[in-house]
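Use these hints to put chain G onto chain Z, whose structure you have.
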Amino acid sequence: MTLDAKIPGGAIVEKWDRHKFEMKLVNPANKRKYTIIVVGTGLAGASAAASLGELGYNVLNVCIHDSPRRAHSIAAQGGINAAKNYQNDGDSAYRLFYDTVKGGDYRSREANVYRLAQLSVNIIDQCVAQGVPFAREYGGLLDNRSFGGAQVSRTFYARGQTGQQLLLGAYQSLMRQVHAKTVTMFTRREMLDLVIVDGKARGIVARNLTTGEIERYAGDAVILATGGYGTCYYLSTNAVNSNVTAAWRAHKRGALFANPCFTQIHPTCIPVSGDHQSKLTLMSESLRNDGRVWVPKQKGDTRRPEQIPEAERDYYLERKYPSFGNLVPRDVASRNAKQVCDDGQGVGDSGLAVYLDFKDAINRLGVDVIREKYGNLFQMYHKITDEDAYTVPMRIYPAMHYAMGGLWVDYNLMSTVPGLHVLGEANFSDHGANRLGASALMQGLADGYFVIPYTIGHYLASAPLPKVTTDHAAFKEAADNVQGRITKLLSVKGSRGIREIHRELGRIMWDDVGMARTEASLSRALQAIPKLRDEFWQSVSVPGTPDNLNQSLEYAGRVADYLEFAELLALDALERRESCGGHFREESQTPEGEALRDDANFTYVAAWEFTGVGRKPEVHKEPLTFEEVHPTQRSYK
Amino acid sequence: MRLTLKIWRQAGPTVAGRLVEYIEDHVSPDMSFLEMLDVVNEGLIKKGEDAIAFDSDCREGICGMCSLVVNGVPHGPDRGTTVCQLHMRRFKDGDTITIEPWRAAAFPVVKDLVVDRGAFDRIIAAGGYVSFNCGGAPDGNAIPIPKDIADVAMDSAACIGCGACVAACKNASAHLFMSAKISQLALLPQGQPERYRRVTAMVAQADAEGFGSCSNEGECEAVCPKEIPISNIARMTREYVKAALTASK
Chain Z
4 MTLDAKIPGG AIVEKWDRHK FEMKLVNPAN KRKYTIIVVG TGLAGASAAA SLGELGYNVL
64 NVCIHDSPRR AHSIAAQGGI NAAKNYQNDG DSAYRLFYDT VKGGDYRSRE ANVYRLAQLS
124 VNIIDQCVAQ GVPFAREYGG LLDNRSFGGA QVSRTFYARG QTGQQLLLGA YQSLMRQVHA
184 KTVTMFTRRE MLDLVIVDGK ARGIVARNLT TGEIERYAGD AVILATGGYG TCYYLSTNAV
244 NSNVTAAWRA HKRGALFANP CFTQIHPTCI PVSGDHQSKL TLMSESLRND GRVWVPKQKG
304 DTRRPEQIPE AERDYYLERK YPSFGNLVPR DVASRNAKQV CDDGQGVGDS GLAVYLDFKD
364 AINRLGVDVI REKYGNLFQM YHKITDEDAY TVPMRIYPAM HYAMGGLWVD YNLMSTVPGL
424 HVLGEANFSD HGANRLGASA LMQGLADGYF VIPYTIGHYL ASAPLPKVTT DHAAFKEAAD
484 NVQGRITKLL SVKGSRGIRE IHRELGRIMW DDVGMARTEA SLSRALQAIP KLRDEFWQSV
544 SVPGTPDNLN QSLEYAGRVA DYLEFAELLA LDALERRESC GGHFREESQT PEGEALRDDA
604 NFTYVAAWEF TGVGRKPEVH KEPLTFEEVH PTQRSYK
Chain G
3 MRLTLKIWRQ AGPTVAGRLV EYIEDHVSPD MSFLEMLDVV NEGLIKKGED AIAFDSDCRE
63 GICGMCSLVV NGVPHGPDRG TTVCQLHMRR FKDGDTITIE PWRAAAFPVV KDLVVDRGAF
123 DRIIAAGGYV SFNCGGAPDG NAIPIPKDIA DVAMDSAACI GCGACVAACK NASAHLFMSA
183 KISQLALLPQ GQPERYRRVT AMVAQADAEG FGSCSNEGEC EAVCPKEIPI SNIARMTREY
243 VKAALTASK
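Taken in order, these protein sequences are the chains called Z and G. Going left to right, the first sequence walks through residues 4 to 640 as this note's numbering numbers them. Going left to right, the second sequence walks through residues 3 to 251 as this note's numbering numbers them.
Isolated chain G (complex conformation):
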């Protein structure tokens, strides 16, 4: 296949970027999208030109590192798929593909298609855990957890922290990301003692990072590679309201 690629190039965080056009002739339908970019880069490297920077690691859809907006859609056209799992058989010979980084004020561009998602780590650091020091844990079977609850908690826990939800949202809201972790821990007995402190702290941190609010359009759910449902946001909102109403101070 022959493709025309319009790829965002930006030398660094403080300089302006622009779309640069590349023609790639040697694309096989069995390639993954990132392998196609590898081929483009190999061509650039052989010519001594600066390769296109993009993030990826596991290349099997679980690490959450890859982060490309393909033709305006985070992770590209396939539902429930990270861009590393998107295959070129999804495209046709002669197609033009535009490739951009996540765009959100809280995810500044580092270079080309690479952004800084440190804000997500800081949201987790604010409270996305069970405060429990290693050692002295009770037996794993001491707390029975109904299977249906454990299953819903697992659905929420499946979030890979890629940030596509933010990139898709017109408000650049981190609600889907946050709510997945808040839901998981609010559903499980282990998360109860810090349930309200957690939601308050994480939402405050997200606000401080510059993520926007939720206006219920569901773009996040539509692009989420792990298909985390928007019902998590509803649960988070309930948790947040309950936290506000039951606050001791």
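If we strip away everything but chain Z, and leave its shape as in the complex, we get:
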């Protein structure tokens, strides 16, 4: 299989405009004759479903939650990037593109990233028009702040709830289309299989989570906007229902999975407090605008932070990276936190934490300014830790946060299965090996509002799509497959808890496929995962029946998929024998301990083809070429 990314010709600044002109259109009167299935209602899914509904397509939108407004995009705190240059500080689409390619450590596709930077400005306009209450300056204009990996202020925000406000904007547009009957909403449904007819994605099979019914949905194209796979690590900043299942089932039906080892560990999360913990809470990266990261210089220093004099503190990010300081990209910040903790300088009971200190900012700006900027985050910190960050420094530690890897897509956001499009975090395309802060919201909305409405029209107008109904044999086969798996899960009747097994998988992933990976650790993980998978199928206990709301059954299905997917993630990490972005192989580092890429051998996207559970998948490589930004050793010093 050759992977054709279908990147349009011409100069990078013209590619998207040229492509928009060259793509075929669907006549307005014909749009309602096409049915598009959208799975997911986060930023990417909701913006896609709403925009396609506005265009006049018949949209079926499947949502795993009780309401589309719950999708995990809602938890994004800090902001959304856009190259508006409102601050007159030298920003441009080209600079955002440059920062994103560099931040991604030269493992993303230039053409996609440039389009993303170009569209970023439209997103802000679109969201303002919807009534999203972005932060304003006294003159009434939009306010910006800075984020990691950039030297300009281009991040738009709505207090610490930017994701929530953007999602509600998209959700409201979506509900408007539900009201207009262009979109039909199916809540509490989980996609469990993809249906392919004559080589094209023509539908899905989903379980109605309330009644247990196995439902079939047929259409002319399928869009997956089902998010990332962070909960493969058990503890992550992702919501507890986030999962890889829809993407994984599509992968098993032929969609290639790209760069699964590109995972992002977020540097500023509240540290783990015990075994009972079900998730980790992020403290927005925006806090690094005003907070200073430090640890005691002396190893094993057990004094309280306020007892440690200035001279005995190590502000290690400011020391090592004077030009970016506390605002280095996430991968660099995370790795450095791990390093100082490994060296015995960590703080807190576990020694697995560093301080994020606001004392200087409070002295400089006053407590009211800090409260206005970050009040909700300080409050959240207080609820979880019972500590007041206005008076004592926050304790933070890295945690699994975001998946840069995902289903492989071409420039049109179509996977290797014709008709199956993948948006947002679920695809792999724009962030390379490391995503910059405030870029996930940008990508989800760019994909949904401004890319897919064009590219899906081109697909529909180009492909012969004879009518398919849910009686087709392919639907029956998929529904039987889903039914069989449910029956199998319920019939194990073992004695081990689902959560217990998930926690064990998480431990393997964090210890051996986490922030620092080695040949030995990855080989160990590749032994341990299949063993745990076998154990799951022999000893898991899934109580209840399949014919009603059964959260144990839902959870077990997701963990079962993770037990297959985790092996692919570890294998991809093993075979990528270089360090880049969030993927750090200890064997490949500079004398200063920074990630060392191997451009000669690894400037490609690894796209994996499923060959069977427990069988080695086949890798297909999409070479990456850099015509605009020339790969150099990233330096934030």
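Warning: the hint list may mix true and false statements.
Unchecked claim - Covered by chain Z, according to a simulated footprint, are these stretches of chain G (three or more residues, beta-carbon under 8 angstroms): (1) 65 to 71; (2) 154 to 166; (3) 172 to 179.
As the list claims (entries may be wrong) - Some, not all, of what chain Z presents toward chain G, calculated at C-beta under 8 angstroms: (4) Arg21; (5) Pro136; (6) Arg139; (7) Glu140; (8) Gly143; (9) Gln167; (10) His182; (11) Gly277; (12) His279; (13) Gln280; (14) Ser498; (15) Gln541; (16) Ser544; (17) Asn551; (18) Leu552.
No lab work stands behind these hints: they were computed from the structure. On a predicted model such as this, the values are computed, not experimentally measured, just so you know. Glycine residues also receive a C-beta, built at the ideal position from the N, C-alpha and C atoms.
Here is chain G on its own, set in the frame of chain Z:
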């Protein structure tokens, strides 16, 4: 800590439910309330018993999915806190805790502690938006919005749609929820063209869903995890009256 839990169990929407007692011995003060329920469920699952169904997702107080009445109070004893952010350090060894679902006719129980809040989506669908198709938006800075107005609009927009306001209200009124969205959009210039149509349509939908009226007791504000002020309801009422007086037909 050792706790006695009285938890509402109900197999489905059409069967009667009842409080069932569970004893949990392994509760740590650092656990969140939902993590404590996870522990109870893990015990039940290992014994092959049906786990207690409850909704949750982000577990950081923003998605609005968690929805438990703890000792008679939606989201439990802490002010401005969703139940997922409530921690067990708030309770004492030996306590008895009663856990129930939201109770309102417009939020029917699906199972155990899970309710159907689809009515809220239908209220938003009736008019809780700016009718604006994607594409062709003017520049974001084309409409300056005074900071104080933007800030108040943001206070209202902070609603997470959890439904605690309804669960706390003796009339099961959705006024706080509705008024938050109506206020946000009535305050901002983008919301002006549909200002009166919006309030009329959303209130009509809430009535059709079976939510009650407001009798100004403020229970909603007291339990709101985002501390949305009741002044939003006053604003909504003004908007509603103005809409009635200026109606073209």
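The hints, checked one at a time:
Coverage of the segment 65 to 71 of chain G by chain Z holds in this model, with 3 residues showing a Cβ closer than 8 angstroms to a Cβ of that chain against a need of three. As drawn, the segment 154 to 166 of chain G meets chain Z at 6 residues by the rule of a beta-carbon pair under 8 angstroms; at three or more, the given contact holds. Here's how the segment 172 to 179 of chain G fares: 0 of its residues keep a CB closer than 8 angstroms to some CB of chain Z, so the rule of at least three is not met and the hint is violated. Here the hint on Arg21/Z is broken, as its CB sits about 19 angstroms from the closest CB of chain G, past 8 angstroms.
At about 4 angstroms, the closest approach between the beta carbon of Pro136/Z and any beta carbon in chain G falls short of 8 angstroms, and the interface hint on this residue holds. At about 4 angstroms, the closest approach between the beta carbon of Arg139/Z and any beta carbon in chain G falls short of 8 angstroms, and the interface hint on this residue holds. Contact between Glu140/Z and chain G, as hinted, is supported at the beta carbon level, the nearest pair being about 7 angstroms apart and thus within 8 angstroms. Hint status for Gly143/Z: holds, given a least beta-carbon distance of 3 angstroms to chain G, under 8 angstroms.
Given hint, Gln167/Z at the interface with chain G, holds; its Cβ is 6 angstroms from that chain's nearest Cβ, closer than 8 angstroms. A cut of 8 angstroms between beta carbons decides the hint on His182/Z: the least distance to chain G is about 4 angstroms, and the hint holds. For Gly277/Z, the interface hint holds, the least distance from its beta-carbon to any beta-carbon of chain G being 6 angstroms, beneath 8 angstroms. Interface hint status for His279/Z: upheld, as the beta-carbon distance to the closest one in chain G is roughly 5 angstroms, under 8 angstroms.
Look at Gln280/Z: its Cβ gets to within about 7 angstroms of chain G, closer than 8 angstroms, so that hint holds up. Interface hint at Ser498/Z: satisfied, since its Cβ lies 6 angstroms from the closest Cβ of chain G, which is below the 8 angstroms cut-off. The restraint placing Gln541/Z at the interface with chain G is violated, with a minimum CB-CB distance near 15 angstroms, outside the 8 angstroms limit. Annotation: interface hint on Ser544/Z holds; nearest CB of chain G at approximately 5 angstroms, less than 8 angstroms.
Taking 8 angstroms as the C-beta contact cut-off toward chain G, the hint placing Asn551/Z at the interface holds, the least distance being around 6 angstroms. Interface hint at Leu552/Z: satisfied, since its Cβ lies 4 angstroms from the closest Cβ of chain G, which is below the 8 angstroms cut-off.
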